[in-house]
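Novice: Each chain is listed here by its residues.
2 protein chains.
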Amino acid sequence: MSPLGGGSLLLAWQLKGKHVLVVGGGDVASGRIESVLAADARVTLISPSNGLHPLTKSFLDEPYNITYHDRLFAGVEDLADVDLVLTAIDDVAQSHVICSLCRELKIPVNVADIPESCDFYFGSQIRDGPLQIMISTNGNSPKLANLIRKKVEQSLPEHAGEAITKVGELRTKLKERAPGVGGAIGKRRMRWMIDVCTSWEMEELALLDDQMIRKLLDDGWEKNAVPSPGELGARSSHQAYKTTPNFLAPVVFATTLSFVAGAACAGLFLLSRRR
Amino acid sequence: MSPLGGGSLLLAWQLKGKHVLVVGGGDVASGRIESVLAADARVTLISPSNGLHPLTKSFLDEPYNITYHDRLFAGVEDLADVDLVLTAIDDVAQSHVICSLCRELKIPVNVADIPESCDFYFGSQIRDGPLQIMISTNGNSPKLANLIRKKVEQSLPEHAGEAITKVGELRTKLKERAPGVGGAIGKRRMRWMIDVCTSWEMEELALLDDQMIRKLLDDGWEKNAVPSPGELGARSSHQAYKTTPNFLAPVVFATTLSFVAGAACAGLFLLSRRR
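Chains A and B supply the protein sequences, listed in that same order. Numbering-wise (the numbering used here), the first sequence opens with residue 1 and increments by one. Numbering-wise (the numbering used here), the second sequence opens with residue 1 and increments by one.
Quick caveat, the hints were computed from the structure, so don't treat them as lab data.
Copies of one chain are not kept apart here, so a pair can be met inside one copy or by any two copies together.
Lysine-lysine pairs mimicking DSBU-like chemistry, simulated, CA-CA at most 35 Å apart:
(1) 57 to 175
(2) 173 to 187
(3) 106 to 16
(4) 143 to 18
(5) 187 to 57
(6) 18 to 151
(7) 16 to 151
(8) 106 to 57
(9) 151 to 215
(10) 16 to 173
(11) 223 to 173
Bound conformation, chain A alone (with noise of 0.2 Å):
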């Protein structure tokens, strides 16, 4: 084995416009629809109905678009047309024989709990809007994962996402305005777009709006600057969140008490003495 191995390919795949299948519909199988609904993935899902989940039962109301079959996996033919299929059904030796079907297929799979027929695995993750996080063990502690995802959580910078959504706007906006693939007008729009992210706090970049994004463009990158959020008029709603809390304050006043004590103590001590 390489000095690197004996890890997984960390993928963010694209379903959009995609079709996937779910075979089951518990608890897991819910988990899994959720996670393909969140791609826009066009789901089917085939499971009889005394066996839905409550979640997966509200997944089967608009607006999400899944087309749902009462009923049990029937064969080679419910995998026509499809392009992942993910199964999370009791019966072994049925999710053997649909892991065999989607191999010959080449459609990629996963089978709840038989990691052997698995194209790909999930892991713990996090979303905040554009934002997607992935935590894998590698299948060897789903539950340190779990307990790693909330640590990673707390670390997230505030507005993340929105910084993130506001950014990939700029972005946009900037190519519209310097179109080209490549040499050197790419490297100059990365070269601005990083100056811009690491100049500017995350909150501070979630609080663009369209009139700061011209302004950006038209002060910044035609004259080769970064202006600051100040420059550019920003409103201050989340300068809240900057403000860290004051940890001198009690320090400052117990230092003052202590004075004023010892000061009192010494005076009381003198004066009985004075009588």
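Mind docking chain B on chain A? Use the hints.
Specialist: Only chain B this time, still in chain A's reference frame:
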């Protein structure tokens, strides 16, 4: 679009024993090669040798599993027996040809810099042994993905990778001792593993050795209990990590000093008036 939509399906793709074709050998390609080697893929690299990045060159030596062809992509014959294709070349027309061939053959493909020719995207990554984390902004801002990766990296518990390795070993040994898929035994195993992971700190889990794992199974699993690390005779080589900085000491010092100063001032004042 569904209220959940707009994202990707984040996955941990399995490449052990799989054959990956990388077309191109430059900067971007070297990163791709590193990622697939991390997942134990068998790699074929096609790229004229005058375009090889130093990192790409370093992967051509032992112990890495790479077959190298010093030439351009030749056509469909280069895709025989290939499970995944990654291209990172400047020739846009050639990129489109490769993508079309892959789509016909149902081989998942990523064409660097041409999003519409990608079945999947890459993200910003963290690796610590069996722990892998991917941060994706769904193409909105690679730079912000990078900045967030740094913050996430700093937030990870000490020895997380080691803890995951050890818990994986514990889980494997538990399955040998109490085998069976699903049902009551599966549930009891899962419950007990969760109890261990939540009662022990990550640094403590990282200390598990063969002897402690055996004791944990004997005194814990068999008796339906979770002994503490101390009860199992854990060494404390990592304990230094657990001491938190003492914020109180300087406060106590300042307060005491102020008391003395106050007493001294009052004393001097009263004594001076005495004369």
